[in-house]
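Visitor: Quick note, the sequences are listed as chains A and B, same order.
For the record, in the first sequence the residue sitting at position 73 is 73 according to this note's numbering, with numbers rising by one throughout.
For the record, in the second sequence the residue sitting at position 404 is 404 according to this note's numbering, with numbers rising by one throughout.
The set of hints was computed from the structure by calculation and includes no laboratory data.
A few chain B residues facing chain A, derived, Cβ under 8 angstroms:
#1 T273
#2 Q275
#3 G305
#4 T314
#5 T315
#6 S324
#7 P326
#8 P446
#9 V449
Pairwise CB distance ranges (calculated):
#10 A:R235 <-> B:M421: 53 to 63 angstroms
#11 B:D128 <-> A:N671: 53 to 63 angstroms
#12 A:D215 <-> B:Q195: 23 to 33 angstroms
Glycine included, C-beta positions come from ideal geometry on N, C-alpha and C.
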Amino acid sequence: VKPLTTNGQLQVGGTLNPQQHLYIERKEDAELLDLLARGEYCNILSSRQVGKSSLIMHALLALRQRGVRVCLIDVAGVLGSPASADEWYAGLLSEIVRQQGIRTDVRAWWTAAQGTPNQKLLEFFRDVLLASFEQPLAVFLDEIDHTLKFDYTDDFFTAIRAMYNDRAREPAFTRLTFCLAGVATPNELVKNRRTTAYNVGRTLELSDFSFERNDLTPIVRAVSPNPEEGETIVRAVLNWTGGHPFLTLRFCEQFLQAGGTTAADVDRIVQDTYTDLEHLKTDVHFDQISRFLQERLADGPATLELYQRILSGAREPDRPTVYHAQLKLSGLVKRDESGNLVVRNRLYAKIFDRRWVQESLPRATTARYRQLAFLAAGVLLVGAVAAGIYQFVIVPPRAAAAQALAELAATSDEATAKARYASLTGANLPMVTRWIVRDYRAEAERAFRGFWQRRAATLEARALDRLKDGKVDEACVLGAAAAVKTGGALHPDIQKAFVERKFSALAASVIGMAEIPASTVLTEWVGVFEPSGQLIRLTQGLQYYSEAGRNELRVVDAHTGAILWKQGFGGIAIFIDDGTAALEILQKSVRVWPVVVTREANSPQQGNQPAATIAVTASLRDPISLATSVRIRRPAGATAVQAATVFVEAAARCVGQANVNTVDSLGLDRNGDLLAIVGNGAVAVCQLSTGSIAARISQSRSNGASAIIPGPVFSPDGRLLATSDGQVHNWRDGAVVASPAGRAIAFSADGSLLLVSNSDDVRGRQQAIAFSSRRNDIASSRTRVLSTRTWRPVATSAGYGVTISPDGQWLVTTNGSGASLDVSGVHDGKVYTSLSGTFAIFSEDSRWLTVSGGGRGQSDAPIRVWNAAAFGGQSPAPPAAPTPAARWGSWQTKFGLTVNENDDVVPVWRTGPRPLDGLAASDTR
Amino acid sequence: VFISYSHSEPDEVRLAGELETKLQAAGCEVFIDTSILVGTDWVEEIERRIHWCDFFVALLSERAVGSEMVQGEIRMAVSARQKQNGRPGLLPIRVRYFGPLDYELDSYLARVQYVKWQSASDTAAVIDRVIAATRGRQLPEHGIPAGHVEPEHPLRPLPRVDPRRLSATGGALASDDPLYVERTADDVVRDLASQKGQTLVIKGPRQIGKSSLLLRYLAYCAHAEPAKTVALVDLSVLAQQDLTDYSTFLSRIARVLLRTLRIPPPGEVTVATQQDFTWFVEDHVLSKLTGPSVFAFDTADRILGRPYQSDFFTTLRLWHNSRSNPLTPAWETVDLALVVSTEPYLLIGNSTSSIFNVGRTLDLPALTAADYGRLNAACGGTLTDVQIDRLWQLLGGHPYLTRLAFYRLFASDRIDFETLMSTATDERGPFGEHLRATLLRVHPRPDLVEGLKQVLGAKSPGDDLYYRLNAAGLVRHEGKAVVMANQLYGQFFKAVFG
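Can you build the whole structure from these sequences, using the hints too?
Guide: Next up, the structure:
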């Protein structure tokens, strides 16, 4: 039996040659041709392998026959991944010129031309390209999603949009049409959130094959010599593939290869071949769908939950939100005739089934925890940020926007105000179509400021009341809250009280924050103080590195609010140590920035130079793991910059010696001397002080580990290393001392307990297990007594492991809803309480548990500090609902959450006489 | 000085011994591997000594030229040389064999000078030359004749099929090998060769016969009607420095294309970007060809892990799609073929489009017990069905080991079936050299070692690790479980790592 690919008629995968292969026409063929012939821009942005390129080829030929010049560029295959923007632009333009048979040296022209890339592009199209012929030109750009990798292609999209908008003024542009094709939404193409998205052109959705809409004779003929039998077979195939072009053709090919002759064979092939994702891992088609879901979703959990609802048959109308758009783009769902989303075909429903969603959800949620973990658990920074930077809000239509504005102007509730404001301004909402609401922006700003002023006035009044009652501490907190929230100054009486009560750092912070415009979403700011309370160091918009290019580190004078130092950065940047140095972690290098503040300086931008730029031979897959684990030893007499430089150089040297291409993750021991580098399936343990590799451990990547590979965890004494494949190694001699089969999350302070998370295969659930070690002394060969430890599980809790208390009493895990945490006792495995939040850390003495992050969509959930004694201690009976020891508004959390061990950095709540208890009664709300 | 020689060639053993004595007398420290130990200690010692030595003496008899172990040591020496600024120096001694070298060795040694040893009477002079070389003098001879090695016996397998045979008369067609086992894949490639505009991906573990199948495919292409011009680029013979960055890599490929197609280079060939690369192929290669052609890339997964990996495969995808593009008619009759031992999904990376999404993939399976029956019949049919089954169990259908077994059973140095079975894992047994060479190849990669240990301990390695082990030909799936590829490997590696 000849496979379909070789019978010269049907081709499975890849672009079809309309002159050579038989082609199944769809209504989109006529639509596209019609639009392009009229000079409209078109976007064919849909999931993989649905026939985009073939559709283009078809249109291209037809246009050429009508006398239109055509040009087709596969931007991935032609341009690759150039190192610089200029190379990309010159490459693109020279390809166009070459295809049009125009002889001109584009590279020279590009280098010589003046202006921004945007201006140069317009000039090129108008004066060079369109001037050399009179016919219309249609430019097809295929694989356009390849540009998502680059941060320099925005100019291109804004330029081609400008050419469309300028047609009235510049008639040459009416002869120019663009058709973009790829796996992206138009909104994603322009990456800078401050620039209007690519909003021109008609976006076509490609339909799947069906007997009703298409002439499927070629397929019928290919599967059987008997047309009637053939149609029965193809109908059986469509029953599974839903007419998905690639799946259908490939299935028919498999059918023939498997010697199929009847429709019954179709079901047999499905049962044999399309069992589950694990077996289809090497199937590129399914692999690409899983990859898309793992890597491209803006909000994994929310999108997967939407899919889950669709899968269970709920009516989900197609709506213009990020989740809906991305789910369609993944290919898993499509819109049916009545405008609802449905799973695209039965094969997908079979493979990406309920069980698969259950397994994927925790993983997607974990990805978000880690983003939070970076923000919340920084050992370097005092402070944390509430969940929110990665949240997405559905953009309301105009009526909803007006409604939101009215609510914002009237509300006195902080959460409502922030939510409405965010929905109107789209700050931090990368995928949002902001032009819809831009008309409301100025009003929203004004209303939001008004809200804070109202709030501050109330708070300040309460503060002054407390002051009169002699409750000075509480007055200070309330007064400070008022000042922070308005961006105004402290009330003079409150300021006096601050000085009296020696709340110097807090006072400084409040004054320093005063200059931050109220409209800035405060959850983005993280501060560090000098011991004197003089300086506050801020980093704005700590973000994952893919959001590069719009971040800034700042040092603000605490008294005047003047910006004394600032530095834009790509990647991730963090202040380290006492804040006199900062690390900027880029893909293949790390820069050390000295943070030198001249008080007289008025111009903060003057000539910042990195103290060192240290190349790292491997790219960092997960810079967050580095950021969370940096803990730098500072030798006596060394400056922070020197210490940081020495540290990074040693680390880079170790990475070089470890000889890995991509560092998956990193782990540092408590003393900051051992660095575990994970990459290429192995872990290298390096000693930073000597710059040498002390041991190598090979590691199997844990099953299903995808974008997120948890970093390795050292035991507190540095002797053991728990790796993400579920092995605990005595890394010095390579012995595996325990195989808890799960990802290590944390050790307890004495190293006797290890929290791991794993998937329970039987029930398809996440499980967190605490392993305890018992010491066994065994007499050993000749010389010495070896002591080993036996590890056994002592407590198990459903959910993903978040942390374990340093004293080994408590286990914190996510619970099923994804919006709250369970606290269970290690000694009995019982759940003692559930706390709303997504991330938690214990204080060093295990007395306080700080919980951050609200449920999904709650971007500004308060961060609460819980008194662990209230969970019920060792007592067997769960106590009544615990009350938080302190309930902090979002601002305090920045200063109060993390205790840095380095006493150079003074967290606010340590400066008061009895920090937490003293303020327990104050609810700043 | 490190002396590398074939333990099964008496002349070499003797010469190596004398070299050792004389070099020591001349004040050199000499490492010579006379051990019969097999184990991690032994491999570590070899690795360490190859990096330690200043000079690497390779004795090249006809047998050594086809020996996996000698190749393994020379491969290691060449890679040490690249890492250590030209240390060790390579000193080949041709031992009564002055013909062409094996394909892989040729790529390492073609431009290296050597000395000749004809008979015992040359020993003294050869040793003097070597001693002089360690003091900075050059060896006298150079210019190893081009061409491929014909095995000394038609049954004896070479570690790797030699693509240069393609240019020999008749090409590498099944008819020149009485023991070639035709598989269904042969029918597919024969069929593909007769069509135009095809993309073929051949996939399978190491030594499963991928290159051999590719050669057959190319030979069919060359004999198709109309005949296709064949360009074969083997990435396995590129030096490390050819792979440093994308531009260097592409320039190198461009030059190889010109050379294999015998197109005079248009001046200095350097290619800066992949766009230039495609243009170069259009302007300087396709324009010089008349009629259909096929571009084949053997060991295409050599660039696995390089930053430009997915870009390169995206380029090939562009070529594939250009066939259907009426704007680029030159590509219409260009076929593409790739050979990989890795799962394509590892090669795609984050790329949005890749040649592996579109080509026709042939997954090469191991030989079946029925194939063994046919081989037995071709050799005279002296094995019983029970013996055939035992042999198949032992070797798991590994094509190279199978040929080796039949060679030892029916051709030179014949041994009987029971001896073969009982000495299978011995260092001096019928498969000893292959096993040692395999260990030498595996040992420097801790991930593979760890994975093997897991499989030996009846644990499943992670998917990625499985695919790496599988690509190396070491393990396979049996149902859901991961097991060693054959009993021979199982017993051998259990002894080594157990």
